[in-house]
Amino acid sequence: MFLSETYRKIAADGIWNNNIVFGQNLALCPLLAVTGTATNGLGMGLATLVVIIASNGLISVTRHLIPSEIRIPIFVLLIAALVTLVDILMNAWAHELYKVLGLFIALIVTNCALLGRAEAFASKQPVKHALWDGLMMGLGFLLVLVALGAAREISASGTLFANASVLLGESFRFLEVTVIPNYKGFLLMALPPGGFIMLAFLIVGKRLIDQKIAERKVSITVLTPVIAEEES
Amino acid sequence: MKLDPATIERLKQKIAVYREFLRNWLEPSNLAQLRPKLEFQTGVLAGFALIASVLLGVTNCSTEGTIQRRLDEDLKKSLEEVVPPALYDNDMLLDTVSIPSAEYNIGANETTVYIALKSGQVTAVCFKFTAPDGYSGAINMIMGIDRDGNILGVRVLSHKETPGLGDKIEVAKSDWILNFVGRSLDNLAPAKWAVKKDGGEFDQFAGATITPRKSVQAIYRGLQLFKAHQEQLINP
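Taken in sequence, the protein lines are chains A and B. One point on numbering: in the working numbering, the residue at position 19 of the first sequence is 19, and numbering is uninterrupted. One point on numbering: in the working numbering, the residue at position 235 of the second sequence is 467, and numbering is uninterrupted.
If you're looking for bench data, these hints aren't it; they were derived computationally from the structure. Among the hints, a few may not be true.
Heads up, simulated DSSO-like pairs for lysine-lysine below, C-alpha to C-alpha not over 27 Å straight-line [what the hints assert, rightly or not]:
1. B:405 with B:424
2. B:308 with A:99
3. B:269 with A:124
4. B:269 with A:99
5. A:9 with A:206
6. B:392 with B:405
With the sequences and hints as input, model every part of the structure.
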């Protein structure tokens with residue numbers, strides 16, 4: 001394996017076991033607000049990914065300087081400054097992208113997962129681990145955003161990744177698919193309540209998979225001693 | 233000024249001393265002793281706030297011009313959408329007139345009107361306006377009107393209407409907004425400036441009546457604003 005045990009655990013936690021949405025139930029505000037389409041989910045996910053890596057790194061670098069009594073105001077200050085910085089710089093230098101993502105950038109401040117990772121991980125871990133954790137948590141969040149966006153988009157309008165070419169450029173037009181042709185549309189799924197309903201389905205799905213995995217583990221541990229005895 | 237080698241040597245030593253001090257001070261064990269102290273905490277918070285505000289201030293100042301240019305480009309693009317290119321040969325961003333618009337309820341007390349000139353003649357005007365009473369917030373629009381008061385084009389710049397229902401006012405979602413082209417206060421009676429449900433000329437959307445109703449009303453008020461200042465605008 002090219003990754004050490006620690007890194008593999010961080011990756012598994014970030015993407016599956018302790019996923020920001022499924023494991024920690026955090027970040028529901030930006031999640032439900034923007035996942036009307038898979039493209040929007042992708043945009044929000046990318047923006048969050050960049051900011052969470054940067055904030056984890058910054059907080060880990062300065063972790064010895066930060067007294068625990070005033071850590072929360074400092075974390076909030078750092079995250080808010082970072083988000084504003086990204087917002088201004090993108091508006092100036094990546095204006096086309098900003099017009100699509102601009103709404104999401106400001107929303108990242110409302111993402112308590114960033115503060116959560118700062119508090120629970122980055123402030124106690126070396127920089128390398130903190131950056132890796134940021135990347136994996138960000139990726140986990142991105143996957144949920146895209147999955148929820150895709151599920152809502154398909155059930156609401158029958159399309160997938162509509163307007164992806166606006167976000168990613170013309171070369172990504174192949175992503176835009178009409179999954180169900182001549183679909184009448186199911187508006188509820190595009191509205192906020194649809195977000196809650198679909199999120200519930202996704203969480204149930206994740207729990208079911210976890211249950212299957214746990215059952216298989218039990219059966220393996222039950223079987224192993226038998227095999228061991230036969231061999232002896 | 234030229235520094236002799238001795239001075240440079242001394243400066244180097246001094247820097248080395250400071251670096252050594254900083255390295256020792258930044259040792260986790262030293263910082264662990266400092267952290268419970270109130271003055272250290274105050275200093276750290278102040279330090280972080282200072283660095284953050286300086287960084288943000290510098291970034292803001294250095295990108296202000298660029299952002300303004302980008303916004304101008306955006307505005308220019310919207311202007312081009314509602315005024316056909318054959319009608320002007322000037323830079324509309326530079327030829328502007330400001331007129332009072334408080335009584336028309338179109339979102340601003342002062343409206344900047346961009347003037348389209350062809351060989352020095354006013355051919356059309358264009359301005360941004362707002363329906364402040366959309367279904368879920370303001371609907372920002374831009375409209376081009378020729379010198380006789382006929383609409384050349386209307387576009388929605390930004391809105392917060394319900395996706396899938398009210399967003400048919402966007403030209404990307406439906407052709408509804410194109411129905412306004414060629415309309416004027418003269419060729420359509422005031423009572424007809426409404427959605428069909430209210431006895432007017434324009435379609436409402438299935439499931440969304442308020443959005444188009446308020447849009448039509450705002451466009452009507454925008455035309456009234458133009459009519460009130462028509463003489464002043466087309467004969468500068």
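Going through the hints against the structure:
For the hint linking residue 405 of chain B to residue 424 of chain B, the alpha-carbon distance of about 24 Å falls within 27 Å, and the restraint holds. A C-alpha spacing of about 15 Å is found between residue 308 of chain B and residue 99 of chain A, which places the hinted pair at or below 27 Å, so the restraint holds. Our distance criterion of 27 Å between C-alpha atoms is met by residue 269 of chain B and residue 124 of chain A, whose separation comes to about 20 Å. Restraint check for residue 269 of chain B and residue 99 of chain A: not satisfied, since their Cα atoms lie roughly 46 Å apart, outside the 27 Å limit.
Using a Cα cut-off of 27 Å, the hinted pair residue 9 of chain A and residue 206 of chain A holds, with the two alpha carbons roughly 18 Å apart. A distance of roughly 14 Å separates the Cα atoms of residue 392 of chain B and residue 405 of chain B; the hinted pair therefore holds under the 27 Å criterion.
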